[in-house]
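For the record, the sequence lines run as chains A and B. Residue 0 is where the first sequence starts when you use numbering that gives the first Met the number 0, and the numbers rise one by one after that. Residue 0 is where the second sequence starts when you use numbering that gives the first Met the number 0, and the numbers rise one by one after that.
Hints are not guaranteed to be accurate.
[To be verified] Distance condition first, Cα-Cα at most 27 Å in a straight line; then the derived DSS-like pairs of lysine-lysine:
(1) B:LYS141 / A:LYS17
(2) A:LYS115 / A:LYS146
(3) A:LYS206 / A:LYS184
(4) B:LYS141 / A:LYS19
[Stated by the list, open to error] Listing some non-contacts, in silico: residues in chain B with all C-beta distances to chain A over 12 Å:
(5) ALA18
(6) GLY26
(7) PRO110
(8) GLY115
(9) GLN193
(10) HIS202
(11) ASP205
(12) GLY226
[What the hints assert, rightly or not] Sample of chain B residues at the chain A side, in silico, Cβ under 8 Å:
(13) ASN52
(14) LEU57
(15) GLY74
(16) LEU98
These aren't lab readings, by the way, just hints derived from the structure by calculation. Computed from a predicted model, the values in this text were never measured in an experiment. The beta-carbon is built from N, C-alpha and C at its ideal position, and this holds for glycine as well.
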Amino acid sequence: MDPMEGILLALQQIRAQKLKSFFAVIGVIIGVMFLITVVSVVEGMNRYMKEDFAKTVFGLNTVTVTRTPSVVFNGDREYWRRLMRRPRLTFADADLIREQLDVPALVAVVSENNGKLEGPNGTSVENVWLTGTTADYFRIRQYDVEKGRLFTPPEDRVGANVVVLGFDAADKLFGVLDPLGRRVKILANQSGNPITGVFTVVGVLKKQGTLFGMSLDNRAVAPAHSALAPMVNPHGFVDQILVQGDGPEAIPALKMSAEATMRTRHHLRPAMVNDFELETADDSLSFWDKISKILFIAFPGLVAIALVVGGMVIMNIMLVSVAERTREIGVRKALGARRRDVLFQILVEGATLSGAGAILGILIGIGLALAVRAFSPLPAAISPLWISVGALLGVSVGVIAGIYPANRAARMDPVVALRYE
Amino acid sequence: MNGEVIRTEKPTKNYEIGAEVVHALRGVDLVVNRNEYLAIMGPSGSGKSTLMNLIGCLDTPTAGQYWLNGQPVAGLIDDELARIRNREIGFVFQTFNLLPRATALHNVELPLIYAGVPSRERRERAEVMLGKVGLADRMAHKPAELSGGQRQRVAVARALVNGPAILLADEPTGNLDSATGDEIMNLLDALFDQGQTIVLVTHEHDIAARAHRTVTLRDGLISSDVGRMAVAGA
Numbered sequence: 000m001d002p003m004e005g006i007l008l009a010l011q012q013i014r015a016q017k018l019k020s021f022f023a024v025i026g027v028i029i030g031v032m033f034l035i036t037v038v039s040v041v042e043g044m045n046r047y048m049k050e051d052f053a054k055t056v057f058g059l060n061t062v063t064v065t066r067t068p069s070v071v072f073n074g075d076r077e078y079w080r081r082l083m084r085r086p087r088l089t090f091a092d093a094d095l096i097r098e099q100l101d102v103p104a105l106v107a108v109v110s111e112n113n114g115k116l117e118g119p120n121g122t123s124v125e126n127v128w129l130t131g132t133t134a135d136y137f138r139i140r141q142y143d144v145e146k147g148r149l150f151t152p153p154e155d156r157v158g159a160n161v162v163v164l165g166f167d168a169a170d171k172l173f174g175v176l177d178p179l180g181r182r183v184k185i186l187a188n189q190s191g192n193p194i195t196g197v198f199t200v201v202g203v204l205k206k207q208g209t210l211f212g213m214s215l216d217n218r219a220v221a222p223a224h225s226a227l228a229p230m231v232n233p234h235g236f237v238d239q240i241l242v243q244g245d246g247p248e249a250i251p252a253l254k255m256s257a258e259a260t261m262r263t264r265h266h267l268r269p270a271m272v273n274d275f276e277l278e279t280a281d282d283s284l285s286f287w288d289k290i291s292k293i294l295f296i297a298f299p300g301l302v303a304i305a306l307v308v309g310g311m312v313i314m315n316i317m318l319v320s321v322a323e324r325t326r327e328i329g330v331r332k333a334l335g336a337r338r339r340d341v342l343f344q345i346l347v348e349g350a351t352l353s354g355a356g357a358i359l360g361i362l363i364g365i366g367l368a369l370a371v372r373a374f375s376p377l378p379a380a381i382s383p384l385w386i387s388v389g390a391l392l393g394v395s396v397g398v399i400a401g402i403y404p405a406n407r408a409a410r411m412d413p414v415v416a417l418r419y420e
Numbered sequence: 000m001n002g003e004v005i006r007t008e009k010p011t012k013n014y015e016i017g018a019e020v021v022h023a024l025r026g027v028d029l030v031v032n033r034n035e036y037l038a039i040m041g042p043s044g045s046g047k048s049t050l051m052n053l054i055g056c057l058d059t060p061t062a063g064q065y066w067l068n069g070q071p072v073a074g075l076i077d078d079e080l081a082r083i084r085n086r087e088i089g090f091v092f093q094t095f096n097l098l099p100r101a102t103a104l105h106n107v108e109l110p111l112i113y114a115g116v117p118s119r120e121r122r123e124r125a126e127v128m129l130g131k132v133g134l135a136d137r138m139a140h141k142p143a144e145l146s147g148g149q150r151q152r153v154a155v156a157r158a159l160v161n162g163p164a165i166l167l168a169d170e171p172t173g174n175l176d177s178a179t180g181d182e183i184m185n186l187l188d189a190l191f192d193q194g195q196t197i198v199l200v201t202h203e204h205d206i207a208a209r210a211h212r213t214v215t216l217r218d219g220l221i222s223s224d225v226g227r228m229a230v231a232g233a
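The shape of chain A in the complex, shown without the other chains (with noise of 0.2 Å):
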């Protein structure tokens, strides 16, 4: 018998009991679905934390030197204490950083808090990211401006109140006003004080987008000796020193020349572990391939055990159609059938069923990723490779959930099934 036939007649079967049919397959259809729309969002993330969010976050072929791990994974409290004993970084860290450096590289501190501007006309807005740093910061993160221009290393140096606003607050703050020389307040609590300075605006950046759904263009840039300085990092202190080299070949030696400056700076002794952290894109990456890898290790465990289900379930289907059909299984066999064609039938049958199933999984699956891409931040990427993977899956299913009905008719006596009312 050929498949096609078993095709075609289970096809026919599945027409004549549409909703017995999905019954059946409602295990696999959860399965496949469960699979293409995890997989895909997991994939998605995976594409987007490498292409864009590592470039934002981190920078292109840039060691960041932080006091504290910016992903911390199940630390324990002696782990925390250790972590807020370590010393915090400095302007002359990153000044001594610069003069060790034998290959060239931009070098930038950056501080930064969260606060409020005050526009013209009473506007105002919330929750900005302010950001105090020098001015290779824009070189390095690869900031330009809309309008306007950057602050310069003078300004830089004499800590000039002159602000750079990111796209959406200077929107928000001046509307159709040109923003460009007029004032903006800016406040900001630090240590439970709240601080407040006055700014000239001389730069627009270009609109930069979302990530995880947060606007990276709610912000406001200003030197870091500037009156900001209090607001983003008081007594001298910086959050992160960047530097940036060349190319991704200079990230090495960056980093074991910014290791080797801090580790004389901080007093450590060979035996000693660092007291500060060195991140590179690459690194950052490497916590998120950990989850990663972690959701493509649990995942599969939940799809199997909706899959196992399924299996069980088309199990059960199938026999009671076999026992249904028995006197059918008896007229075959009186015809010529022999076991194998019978058993063929019948698996070809359950996976036709199940194929069934995984196809409208695999659908509902992409409906689902392209809902989670167009309503939620979380970027989502359909691969083939798992299409096939959930087709597989879902016909494999009905042929193993087929092996025991199948069986229990191939070996039917013609006999008995012909008798059989």
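Given the coordinates of chain A, assemble chain B onto it according to the supplied hints.
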């Protein structure tokens, strides 16, 4: 028209029902030649169904021998029996036993499918056979759309499509009214006239009377064998 189609040598069949052993067949020696028209009769429990299953290769004897068309059949395994049923036996059942979801044409094609005949040839042969039983215009109908007599014709077409050695009909008119039953019996007569060997299992005398030889069973043994053709060496 010579040659043995069926030869049995003391086949017995025992069934165990609980602790009790039922001797359904106690050794029935039967020889049927090509182009015989044989009726097997007997009251229920006489063993005629068991004998029919045996002749039809649906079952094998507990002991004894059976040659179908010269091939020993008694010791064969399932799949070999299936092959023989496919090639040598054409079944016609009391309840028609057509596949309800398949068209008349597909029902007739079934034995050819299991014989491995390519689909185009299969279709042609099934169409020719349905034409022969007068159902050329009903090929696309499903059994539910056919009358009882038409269903049984489809069954006859299905039984003959693979050119079997024996047409084995088990109460072929049992579910039909007498007029339709006559029609089917006329069809069998015509087939016999064309050279088909027919074995008819029935308990109705007027149906059995159509056959040229009647074997009556009682308690698993042949009690009478009437009208046997005289064939040399039989």
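Tested hints:
For the given pair, B:LYS141 sits about 20 Å from A:LYS17 by alpha-carbon distance, which is consistent with the 27 Å threshold. The suggested pairing of A:LYS115 with A:LYS146 holds, with an alpha-carbon distance near 22 Å, which does not exceed 27 Å. Distance restraint check for A:LYS206 and A:LYS184: the Cα-Cα separation of roughly 22 Å lies within the 27 Å cut-off, and the hinted pair is therefore satisfied. For the proposed pair B:LYS141 and A:LYS19, the alpha carbon gap of about 23 Å is at most 27 Å, so the pair holds.
The claim that B:ALA18 lies off the interface holds: its Cβ sits roughly 21 Å from the closest Cβ of chain A, which is beyond the 12 Å cut-off. Non-interface status of B:GLY26 relative to chain A is upheld: no Cβ of that chain comes within 12 Å, the nearest being about 20 Å off. With a least beta-carbon separation of about 5 Å from chain A, B:PRO110 fails to lie farther than 12 Å from that chain, contradicting its non-interface assignment. A Cβ of chain A approaches the Cβ of B:GLY115 within 12 Å, the least distance being about 9 Å, so the stated non-interface status is violated.
In this structure B:GLN193 is separated from chain A by more than 12 Å, as the shortest Cβ-Cβ distance comes to about 22 Å. For B:HIS202, the requirement that its beta carbon stay farther than 12 Å from each beta carbon of chain A is met, with the minimum near 17 Å. A cut-off of 12 Å between C-beta atoms confirms that B:ASP205 is not in contact with chain A; the least separation is 26 Å. The non-interface label for B:GLY226 is consistent with chain A: the shortest C-beta to C-beta separation is roughly 28 Å, beyond 12 Å.
For B:ASN52, the interface hint holds, since its Cβ comes within 8 Å of a Cβ in chain A; the closest pair sits about 5 Å apart. Taken as an interface hint, B:LEU57 checks out: its beta carbon lies about 5 Å from the nearest beta carbon of chain A, inside 8 Å. For B:GLY74, the interface hint is violated, since its Cβ never comes within 8 Å of a Cβ in chain A; the closest pair sits about 17 Å apart. At a threshold of 8 Å, the smallest CB-CB gap from B:LEU98 to chain A is about 6 Å, leaving the interface hint in force.
Comparing the model with each numbered hint stated earlier shows that hints 7, 8, 15 do not hold.
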